[in-house]
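A.B. asks: The hints should help you fit chain B onto chain A, whose structure is shown.
Protein chains: 2
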Amino acid sequence: MLYIIGLGLGDERDITLRGLDAVKKCEKEKLYGKPIILADREMVEEKVDNILSEAHGSDVAFLVVGDPFGATTHTDLVVRAKTLGVDVKVVHNASVMNAIGICGLQLYRYGETVSIPFFTKTWRPDSFYEKIQRNRNLGLHTLCLLDIRVKEPTLESLCRGRKQYEPPRYMTINTAIEQLLEIEQKHGESAYDEDTDCVGFARLGSEDRMIVAGTMRQLRIVDFGKPLHCLVIVGKTHPVEEEMLEFYKIGSENSEQKGKGIA
Amino acid sequence: MLYIIGLGLGDERDITLRGLDAVKKCEKEKLYGKPIILADREMVEEKVDNILSEAHGSDVAFLVVGDPFGATTHTDLVVRAKTLGVDVKVVHNASVMNAIGICGLQLYRYGETVSIPFFTKTWRPDSFYEKIQRNRNLGLHTLCLLDIRVKEPTLESLCRGRKQYEPPRYMTINTAIEQLLEIEQKHGESAYDEDTDCVGFARLGSEDRMIVAGTMRQLRIVDFGKPLHCLVIVGKTHPVEEEMLEFYKIGSENSEQKGKGIA
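Just so you know, the sequences run in chain order A and B.
Going letter by letter, the first sequence gives residues 1106 to 1368 in this note's numbering.
Going letter by letter, the second sequence gives residues 1106 to 1368 in this note's numbering.
The hints are simulated quantities; they were obtained by calculation from the structure and are not laboratory data.
Treat the hints with caution; some may be incorrect.
Note: identical chains are not told apart, hence a pair may lie in one copy or across any two.
Claimed, not checked - Cut-off 20 Å, straight-line C-alpha distance, at most; resulting in silico cross-link-like pairs (SDA-like, lysine to any residue):
#, residue 1, residue 2
1, K1341, S1232
2, K1194, E1312
3, K1187, E1312
4, K1129, D1116
Here chain A stands alone, though its shape is the one from the complex:
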């Protein structure tokens, strides 16, 4: 049996009792009193057959931050397992896709989610622009997932065929806004501008979580601290949404600018 277990967003206390039961049945884990193997993307994508062959004869738990199906990688893992005849059990948990509900913007008022990739000198993809524009024309909110670069091989190492990795990088809300505004300037179709309302989230689900609502101009210079960050571009709001957003606004007495308030 292959268990795919969502760990939620904060720390090891965010696993569910059902998830912990499954972990305890399995042979391959640490934390929770079992040995653990840290599976990076390379392992999951390229050496998955080792994991799956063990799951044929015994119980193996595959622990995933958030909910198991936030990423295509885990969908692919299930497809491979099922193709090999390995039974799969999934234990759900919170993911960023629903935890952003905490800011008061209703989840059913979101349009398509976009990803903001790190720009390089030569690679500045902007397919997010059209999607944000579409959402905003419909009055919908947009969740922007910000780039994470972990265990990315250096260009040099790719050329030499010997694996060396870049240091990990996590996009900040500040960088995301810089890039968003650059692309707005390039297209000039007023999908959004410096005065567009947004909500910045850092470390969602953790005790030191930080949520600040403000315009792009305001959030651009807020220090959100450690990763992970994500950003919501606000669409048309209803009164109950506005009431809740008030608590997170820059300068508001109740704001969570220092990680206080709702935690």
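C.D. replies: Here is chain B on its own, set in the frame of chain A:
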């Protein structure tokens, strides 16, 4: 302190360790070894001040199925608490909005979520039609949340001023498809038809969960069993999405038509 704790989707084993810690600190709960008060919508919406006044002096846990911010009601509870100066802590969990990821359709490829209300003889609202049409034109998937009518006062009781309630009703996938097709026939704009691919979900997150992929015509007559049900109308699919959907297709060897497979 007011804790608002997501319970997840299955049963009491789906609470997180963090959630259970919070419950144990509180004075008002059953299950988990504490007395519990069943708070229906009426209580939450009308008698919330009683809950909040207790949270001023002691720890009160408010347990919510799924994630706390799936519904406007809980946003309103937080606003009231903060206004009264009560501290609020939120413990996230899985909700239907992310757990549907299990069928393989990627969460970032969903458009706006719609709600399908029970039609009556005189009330047949169809604002969902335009939204589904828009999502489909963009190639996006649509999550349809199906109506739940629990503790709804009867029309008669409203007239007489004495509260009597209708028996609880939960919309099935079959009814949802009937209503969807009725509205398509009324509008005639081919937003979707009997051959449109869908995925039906029953009891997501439970051991006896059931997931079936098929056309509206096919799913219309599938018996999904007990509530809760929800329905996804499939947009444009990518190969990895299709591979995963195959496992859930009607007639597929691997399908979960009897609640087997991935659980």
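A.B. asks: Okay, which hints does this one fail, numbers in order?
C.D. replies: none
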